[in-house]
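Please put together the full structure from these sequences, using the hints given.
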Amino acid sequence: MRWTQTLISTLRDAPQDAEITSHKLMIRAGLLRKLGGGLYTFMPLGLRALHKVEQIVREEMDRAGALEILMPALQPAELWQQSGRLETMGPGMFKLKDRQERLMTLGPTHEEVVTDLLAREVSSYRQLPCTVYQIQTKFRDEIRPRFGLMRAKEFIMKDAYSFDVSLEAADASYQAMYDAYTRIFKRCGLTAHPVEADTGDIGGKWSHEFMVVADAGEDAILECAACGYAANQERAERHVCTCAPAADTPPMTDVATPDARTIQEVSAFLKRPAADFIKTLIYVADTKPVAVLVPGDRDVNEQKLKRFIGCKSLALADDDTILKATGAPVGFAGPAGLAIPIYADASLRGATDRVAGANKADTHVIHLSLERDAKVTDFTDLVAVVTGDLCPRCQQTLNTKRGIEVGHVFKLGTQYTDAFNAKFLNEKGEPLTMIMGCYGIGVTRTLQAVVEQHNDADGIIWPAAIAPYQVGILLLDPKDETVAAHAQKLSDKLTALGIDNLIDDREERPGIKFKDADLVGFPLRAVVGAKSLAQGGIELKLRSEKTFTLAPVDMAAEQIREKLSRHKN
RNA sequence: CGGGGCGUAGCGCAGACUGGUAGCGCGUUUGGUUCGGGACCAAAAGGCCGAGGGUUCAAAUCCCUCCGCCCCGACCA
1359 MRWTQTLIST
1369 LRDAPQDAEI
1379 TSHKLMIRAG
1389 LLRKLGGGLY
1399 TFMPLGLRAL
1409 HKVEQIVREE
1419 MDRAGALEIL
1429 MPALQPAELW
1439 QQSGRLETMG
1449 PGMFKLKDRQ
1459 ERLMTLGPTH
1469 EEVVTDLLAR
1479 EVSSYRQLPC
1489 TVYQIQTKFR
1499 DEIRPRFGLM
1509 RAKEFIMKDA
1519 YSFDVSLEAA
1529 DASYQAMYDA
1539 YTRIFKRCGL
1549 TAHPVEADTG
1559 DIGGKWSHEF
1569 MVVADAGEDA
1579 ILECAACGYA
1589 ANQERAERHV
1599 CTCAPAADTP
1609 PMTDVATPDA
1619 RTIQEVSAFL
1629 KRPAADFIKT
1639 LIYVADTKPV
1649 AVLVPGDRDV
1659 NEQKLKRFIG
1669 CKSLALADDD
1679 TILKATGAPV
1689 GFAGPAGLAI
1699 PIYADASLRG
1709 ATDRVAGANK
1719 ADTHVIHLSL
1729 ERDAKVTDFT
1739 DLVAVVTGDL
1749 CPRCQQTLNT
1759 KRGIEVGHVF
1769 KLGTQYTDAF
1779 NAKFLNEKGE
1789 PLTMIMGCYG
1799 IGVTRTLQAV
1809 VEQHNDADGI
1819 IWPAAIAPYQ
1829 VGILLLDPKD
1839 ETVAAHAQKL
1849 SDKLTALGID
1859 NLIDDREERP
1869 GIKFKDADLV
1879 GFPLRAVVGA
1889 KSLAQGGIEL
1899 KLRSEKTFTL
1909 APVDMAAEQI
1919 REKLSRHKN
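Those letters in the first sequence? Residues 1359 to 1927, per the working numbering, in order.
Any given hint could turn out to be false.
Cβ-Cβ distance ranges computed for the label pairs, FRET-style [said to hold, decoys possible]:
| # | residue 1 | residue 2 | range |
| --- | --- | --- | --- |
| 1 | ARG1421 | ASP1577 | 24 to 30 Å |
| 2 | GLY1558 | GLN1846 | 30 to 36 Å |
| 3 | PRO1430 | ARG1751 | 41 to 47 Å |
| 4 | GLN1846 | GLU1920 | 20 to 26 Å |
| 5 | ASP1657 | ASN1779 | 38 to 44 Å |
| 6 | ARG1864 | SER1671 | 54 to 60 Å |
| 7 | MET1913 | THR1364 | 24 to 30 Å |
| 8 | GLY1668 | LYS1786 | 30 to 36 Å |
| 9 | ASP1657 | CYS1752 | 21 to 27 Å |
Under the rule of at most 30 Å between Cα atoms (straight-line distance), these lysine-lysine pairs were calculated in the BS3-like manner [what the hints assert, rightly or not]:
| # | residue 1 | residue 2 |
| --- | --- | --- |
| 10 | LYS1873 | LYS1904 |
| 11 | LYS1769 | LYS1511 |
| 12 | LYS1629 | LYS1769 |
These are calculated hints, taken from the structure and not from any lab test. Every value quoted in this text rests on a predicted model; they were computed, and no experiment measured them. Ideal Cβ positions, reconstructed from N, Cα and C, are used throughout, including at glycine.
Next comes the structure, spelled out in structure tokens:
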């Protein structure tokens, strides 16, 4: 292919609305163009790279025994009513009506469609295990689309679903996908770490996310260097020391704290550190108010809270609800005397001599001994784990990193197969419910994660496996027929060797071609010019290296193949 | 949804406070000189200044409404 025959336009400046490196580079290098918020067009160059990622995904899915299918993106809403997710995922789904006024959705994911499908298709244990997958466009009405392809309203996902006869068999299917994911990300040139994760709206009991470590990542990961424990902050647990209660805390006493509402204000007023406080938050779980207690210097992890209570919606209570539940305005809630359920963080078990709100305006209490002075419904792990907390496995210190979630694997159990009555007959003719797993890779996000992980000040540095073109042939003297012929010959030879390449045949000065080649990020650059030919050949330079070598014209293609194979990533 | 910021040529920006009907750089087109890390000279094309309404003799500029985009937060009592 020749540069002048394709649609590549590079930009010297990044558009003002691009924030992170990978987003800027993908726009500047002409891979993407924006249509609107969270909506992007893949230009020829970007689409080539995307197709390569898809191809790797396809090969590894096939290798793992999964079967490719393609389900509709447009789906009847009844399916979502049947699973109950029209309610839980509703706000994040695009909905529309057809001319019959039937409510439809644009699929944000496909558990419903696939379970309905397998429930109809599978009737015997002989058909199991069965894992199907598709590479398809998903639609999500994101609260806030961000950073180009990282969080888009429309994006390409590879989603796979496994169906098994038993939990043990399902574990094997899960492991097969987990292993396939490991291979996929490696082949894409990514360093992705599996971490324990929250299951969110998908549901299920167990899941791992594949995280690419990057400062631009939207998730926080807690890692233990000692034992290898790694978890998304949404799920991360910590080891808590069970401290012996102080023998004699004086009776709980009111103290006036006029206008001091926040922990910070009361802490300053009473001259007690935030850690001595019991922070009391009033939430509304579905429709009922509940109180949540955490140490004054800690934050609540709402995902954990939601999971523990088992509610569908969870939000901080408004001022009226707080007044009704505590009898006091916002800022003076405390555990003593509350008539609503109280959930306390496990670290507060045996807490004595603490400060908390008194459930009276402008008043706090001191000498609060939690189990003596309040009726705690349950103690459980509720705080957001942070750097410095102790590993729940080995009690060493945890560290935080930022990560981009590129893949997520779930053990779902029978949540969906129950809802869709997906049963099969076993050897004895008994009907059993299939055990399900689901597995997603954000294909478009993965592409951007690669750029985020592989770049320098000059531009993208593509891993050879997913570069739009593996070789950029810079034709420096396009009007010189001999030189141009050499470039074309090299291109043909490379193509014959299965190495895709692009000849930059523009009538531009060399400087522009060098800059653009670096920006676009060809893994290998071959310079063909009157000067190089006079010196005896064609210049070969890897994007990841500083020096070049001169290859005789007849040897250039072979040498390129060799260089590329030595620098897979 | 709340807070903040921004909408002027394909991209990056100035002009706005102090109204007088639009400019710079890059890019694009043409011609010329150049030609190994984003050259130079000359000429040219390209804009209902996000949309609607108002004030005014006159609005990119002032006022109101809406729309779009970006960032922060989705929350600490």
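Results for each hint:
1. In this structure, ARG1421 and ASP1577 meet the distance hint of 24 to 30 Å, their C-beta atoms being roughly 28 Å apart.
2. In this structure, GLY1558 and GLN1846 break the distance hint of 30 to 36 Å, their C-beta atoms being roughly 53 Å apart.
3. Remark: the range hint 41 to 47 Å for PRO1430 to ARG1751 is upheld by a beta-carbon distance near 44 Å.
4. Separation of GLN1846 from GLU1920 is about 22 Å and conforms to the stated range, judged on CB atoms against 20 to 26 Å.
5. For the pair ASP1657 and ASN1779, the supplied restraint of 38 to 44 Å holds, since their beta-carbon distance comes to about 42 Å.
6. For ARG1864 and SER1671, the Cβ-Cβ distance of about 57 Å falls inside the hinted range of 54 to 60 Å, so the restraint holds.
7. One distance hint, 24 to 30 Å for the beta-carbon pair MET1913 and THR1364, holds here, with the actual separation near 28 Å.
8. Between GLY1668 and LYS1786 the CB atoms are about 35 Å apart, so this pair conforms to the stated range of 30 to 36 Å.
9. The supplied range of 21 to 27 Å is met by ASP1657 and CYS1752, whose beta-carbon atoms lie about 24 Å from each other.
10. Taking the CA atoms of LYS1873 and LYS1904, the gap is near 14 Å; set against the 30 Å cutoff, the hint holds.
11. Taking the CA atoms of LYS1769 and LYS1511, the gap is about 26 Å. The hint holds against a cut of 30 Å.
12. Restraint check: the Cα-Cα separation between LYS1629 and LYS1769 comes to about 49 Å, which exceeds 30 Å; the hinted pair is violated.
Checked against the numbered hints above, the structure violates hints 2, 12; every other hint is satisfied.
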